[in-house]
Amino acid sequence: MLQRIDRIALTVVAALVGLNAIIPGWQIMTDGSVYGFKLPTSWLTAYWPFNDYAVAGFLLMVVVGGGCLATALVNALSRRAGAVVSLVMGCVLVGWIAGELVFMNQTMVMTWVILGSGIVLIGLSAPLAWPVLTRSAGRRVESKRA
Numbered sequence: 205m206l207q208r209i210d211r212i213a214l215t216v217v218a219a220l221v222g223l224n225a226i227i228p229g230w231q232i233m234t235d236g237s238v239y240g241f242k243l244p245t246s247w248l249t250a251y252w253p254f255n256d257y258a259v260a261g262f263l264l265m266v267v268v269g270g271g272c273l274a275t276a277l278v279n280a281l282s283r284r285a286g287a288v289v290s291l292v293m294g295c296v297l298v299g300w301i302a303g304e305l306v307f308m309n310q311t312m313v314m315t316w317v318i319l320g321s322g323i324v325l326i327g328l329s330a331p332l333a334w335p336v337l338t339r340s341a342g343r344r345v346e347s348k349r350a
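What the sequence shown shows, in this note's numbering, is residues 205 to 350, in sequence order.
Simulated from the structure, these hints should not be mistaken for laboratory data. Treat the hints with care, since some could be wrong.
As the list claims (entries may be wrong) - With beta-carbon atoms standing in for the labels, derived distance ranges: (1) Asn255 / Gln207: 41 to 49 Å; (2) Ser237 / Gly327: 28 to 36 Å; (3) Arg283 / Ala258: 19 to 27 Å; (4) Asp256 / Arg339: 24 to 32 Å; (5) Gly320 / Asp256: 23 to 31 Å; (6) Phe262 / Arg339: 18 to 26 Å; (7) Leu223 / Leu305: 17 to 25 Å; (8) Arg339 / Pro244: 43 to 51 Å.
C-beta atoms are modelled at their ideal positions from N, C-alpha and C, and glycine is treated no differently.
Start from the sequences, fold in the hints, and give me the full structure.
Below you can see the structure in the form of structure tokens.
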């Protein structure tokens, strides 16, 4: 029963993050704004290799938005694959926020919501994904020995 609740939670969290990343990603990519708030380029640190937010918007839309929607779909279709994909997507979300903290000197509320969502995905999926990952790693070791 707990695994079923975890799987539902993984699906819902991934879907919500994905849906909430698509539109802002498009807006950031096309005009550098989020729901009408124009992101000042002064928020970008010297580490950011581009002049504006277009690349960040594209990555937000495709990697975070599309990745989370794909994660939700995989969770709806397969328990084992969904757990592994959720673990990977959780790590991607945490990495996204780490990058945001390096490349921007200001944050927004959604920064912390996405970070929390990544941690939730990791926390809920790790116990479900670990047996799958160790089993497939064990098979690879055995096939190399043979």
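Against the structure, the hints:
Judged by the Cβ atoms, the range 41 to 49 Å given for Asn255 and Gln207 holds: they are separated by roughly 47 Å. Checked against the hint of 28 to 36 Å, the C-beta distance between Ser237 and Gly327 comes to roughly 33 Å, which is consistent with it. The supplied range of 19 to 27 Å is broken by Arg283 and Ala258, whose beta-carbon atoms lie about 38 Å from each other. Taken as a hint, the range 24 to 32 Å is violated for the pair Asp256 and Arg339, whose Cβ atoms sit roughly 46 Å apart.
About 28 Å separates the C-beta atoms of Gly320 and Asp256, a value consistent with the hinted range of 23 to 31 Å. At about 36 Å, the CB distance of Phe262 to Arg339 disagrees with the hint of 18 to 26 Å. Under the hint 17 to 25 Å, the C-beta atoms of Leu223 and Leu305, about 24 Å apart, fit the expected range. Between Arg339 and Pro244 the beta carbons are some 49 Å apart, a value that agrees with the proposed interval 43 to 51 Å.
Checked against the numbered hints given earlier, the structure breaks hints 3, 4, 6 and satisfies all the rest.
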